[in-house]
Amino acid sequence: MSIKLSQTPLLIYLILASSSTLFATSKTNTSNDYSKYDIIAKRNIFRPLWAIGANRQDDPRSRKEELEALKKSEKERQEAQKLAEEQTKLDNKKKEIEQNYTLTGIVFDNGKKQAIIQNKKGVANFLYENDTLEDLKVLSINNSKGEVILDYQGKFTVSFHLE
Numbered sequence: 008m009s010i011k012l013s014q015t016p017l018l019i020y021l022i023l024a025s026s027s028t029l030f031a032t033s034k035t036n037t038s039n040d041y042s043k044y045d046i047i048a049k050r051n052i053f054r055p056l057w058a059i060g061a062n063r064q065d066d067p068r069s070r071k072e073e074l075e076a077l078k079k080s081e082k083e084r085q086e087a088q089k090l091a092e093e094q095t096k097l098d099n100k101k102k103e104i105e106q107n108y109t110l111t112g113i114v115f116d117n118g119k120k121q122a123i124i125q126n127k128k129g130v131a132n133f134l135y136e137n138d139t140l141e142d143l144k145v146l147s148i149n150n151s152k153g154e155v156i157l158d159y160q161g162k163f164t165v166s167f168h169l170e
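Residues in the sequence shown are numbered from 8 upward in steps of one, following the working numbering.
Relax, there's no trap hidden among the hints.
Each computed DSS-like pair below joins lysine-lysine, with the alpha-carbon atoms no more than 30 angstroms apart:
| no. | residue 1 | residue 2 |
| --- | --- | --- |
| 1 | 144 | 96 |
| 2 | 101 | 120 |
| 3 | 82 | 71 |
| 4 | 89 | 101 |
| 5 | 96 | 162 |
| 6 | 162 | 120 |
| 7 | 79 | 89 |
| 8 | 102 | 127 |
| 9 | 79 | 49 |
| 10 | 101 | 162 |
| 11 | 78 | 89 |
Simulated restraints on C-beta separations:
| no. | residue 1 | residue 2 | range |
| --- | --- | --- | --- |
| 12 | 88 | 117 | 47 to 57 angstroms |
| 13 | 74 | 142 | 37 to 47 angstroms |
| 14 | 55 | 106 | 41 to 51 angstroms |
| 15 | 169 | 130 | 12 to 22 angstroms |
Bear in mind the hints are in silico, worked out from the structure with no lab data behind them. From the three backbone atoms N, C-alpha and C, an ideal C-beta is built for every residue, glycine too.
Required output: the full structure, derived from the provided sequences and hints.
Below is the structure:
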């Protein structure tokens with residue numbers, strides 16, 4: 008197949024015409040149509056629960072009652088959480104006391120009962136009723152049961168028994 012020079016412009020024209028149809032771009036929607044995002048703007052999922060939306064037609068009294076109920080439930084939740092944390096601290100303190108001290112003996116001194124409580128380090132404390140050991144107060148000493156009851160700041164009691 009030979010091409011003559013007189014046919015060259017026609018050939019170039021055909022090539023250009025076919026390439027323009029091959030590489031023709033489709034029309035794209037260049038307008039900024041944000042109407043599809045209206046639902047997101049209406050719902051406003053990032054709005055705090057207590058904020059009143061601009062599009063809402065709620066009764067202000069019912070919304071106020073809803074807010075008060077929400078604040079009340081949040082306050083109750085916080086109080087319950089504080090009580091649970093405090094109870095956990097007290098339980099941990101009770102376990103610590105039970106692990107750190109042992110009752111090693113009960114003696115009578117001039118008609119009074121005296122408890123011998125030893126700590127982990129081996130230091131013995133001789134305590135009468137109503138004496139204190141750190142934050143613990145000796146409530147009672149029962150020699151027949153071999154038991155001493157200590158009170159921790161009026162919050163809980165710990166019983167020690169002779170081993």
